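Residue strings, one per chain:
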Amino acid sequence: EAQVTQNPRYLITVTGKKLTVTCSQNMNHEYMSWYRQDPGLGLRQIYYSMNVEVTDKGDVPEGYKVSRKEKRNFPLILESPSPNQTSLYFCASSFNGGRAFFGQGTRLTVV
Amino acid sequence: QQQVKQSPQSLIVQKGGISIINCAYENTAFDYFPWYQQFPGKGPALLIAIRPDVSEKKEGRFTISFNKSAKQFSLHIMDSQPGDSATYFCASSSLGNQGGKLIFGQGTELSVKP
Numbered sequence: 001e002a003q004v005t006q007n008p009r010y011l012i013t014v015t016g017k018k019l020t021v022t023c024s025q026n027m028n029h030e031y032m033s034w035y036r037q038d039p040g041l042g043l044r045q046i047y048y049s050m051n052v053e054v055t056d057k058g059d060v061p062e063g064y065k066v067s068r069k070e071k072r073n074f075p076l077i078l079e080s081p082s083p084n085q086t087s088l089y090f091c092a093s094s095f096n097g098g099r100a101f102f103g104q105g106t107r108l109t110v111v
Numbered sequence: 112q113q114q115v116k117q118s119p120q121s122l123i124v125q126k127g128g129i130s131i132i133n134c135a136y137e138n139t140a141f142d143y144f145p146w147y148q149q150f151p152g153k154g155p156a157l158l159i160a161i162r163p164d165v166s167e168k169k170e171g172r173f174t175i176s177f178n179k180s181a182k183q184f185s186l187h188i189m190d191s192q193p194g195d196s197a198t199y200f201c202a203s204s205s206l207g208n209q210g211g212k213l214i215f216g217q218g219t220e221l222s223v224k225p
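If you read the protein sequences in the order shown, they are chains X and R. Residue 22 in the numbering used here sits at position 22 of the first sequence; the count goes up by one each step and never skips. Take any residue in the second sequence, count from 1 to its spot, add 111: that is its number in the numbering used here.
Incorrect hints may appear among the rest.
[As the list claims (entries may be wrong)] As a list, the in silico BS3-like pairs of lysine-lysine whose alpha-carbon atoms are at most 30 Å apart:
1) R:K224 x R:K179
2) R:K182 x R:K168
3) R:K179 x R:K116
4) R:K116 x X:K65
5) R:K179 x X:K57
6) X:K65 x R:K168
Please keep in mind that the hints were generated in silico from the structure rather than gathered at the bench. Bear in mind the structure is a predicted one, so any value in this text is a computation, not a measurement.
Just chain X, same shape as in the assembly (with noise of 0.2 Å):
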């Protein structure tokens, strides 16, 4: 079955303690991209990766890194996370940039 696959579902951490969201994709696809949602504020783009070791900034890329070592992973770190982080996240996969197919998200709350 085709899915991009997002680890944990759900994620409480303390402000400052460094943390992984996994993201894996089955179907090829060389885009993929990080999204956080937030109420009223729709869906921003914190990064995207056309390529392996090919990544770039989206809207809202501060306080987050990410890397592109193998096609099917794009992981997304949180070296210090502060509350404002506190977030539906979702990964995202695209075979040419056009249809996206998504995770099923990860709630982050940071205290």
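Since chain X is already given, all that's left is putting chain R on it; use the hints.
Frame of chain X; chain R shown alone:
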């Protein structure tokens, strides 16, 4: 230049009615305009999409109307059903050298009353 503005923020429609959600974009380089549907606890899923070379696209009860000169596009849901209750997002992107950079609207929470 990169914003996509969506309205209304919420919408209540009676079963069988027509739901209409509007979006406006700024960047004339955008050439791909999808609509995504999101149910609670799920990730968004593509509903329907249009390219700027056509003014309308219909798939079942869902229709996108596209006005290139006004830089606007809208989603029409005919014969709305309670199962259509979800959050809808419009988006825009350029499939050229910025493929993968989808810009989303703010979302519309649709509630269809039985």
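Right, here's what the structure says about each hint:
Distance restraint check for K224 (chain R) and K179 (chain R): the Cα-Cα separation of roughly 33 Å exceeds the 30 Å cut-off, and the hinted pair is therefore not satisfied. Between K182 (chain R) and K168 (chain R) the CA atoms are separated by roughly 16 Å; this keeps the pair inside 30 Å, and the hint holds. At most 30 Å may separate the alpha-carbon atoms for a hinted pair to count; K179 (chain R) and K116 (chain R) meet this at roughly 15 Å. A hinted pair counts as satisfied when its Cα atoms are at most 30 Å apart, and K116 (chain R) with K65 (chain X) qualifies at roughly 28 Å.
At most 30 Å may separate the alpha-carbon atoms for a hinted pair to count; K179 (chain R) and K57 (chain X) meet this at roughly 28 Å. At most 30 Å may separate the alpha-carbon atoms for a hinted pair to count; K65 (chain X) and K168 (chain R) exceed this at roughly 38 Å.
In summary, the structure is inconsistent with hints 1 and 6 from the numbered list given earlier, while agreeing with the others.
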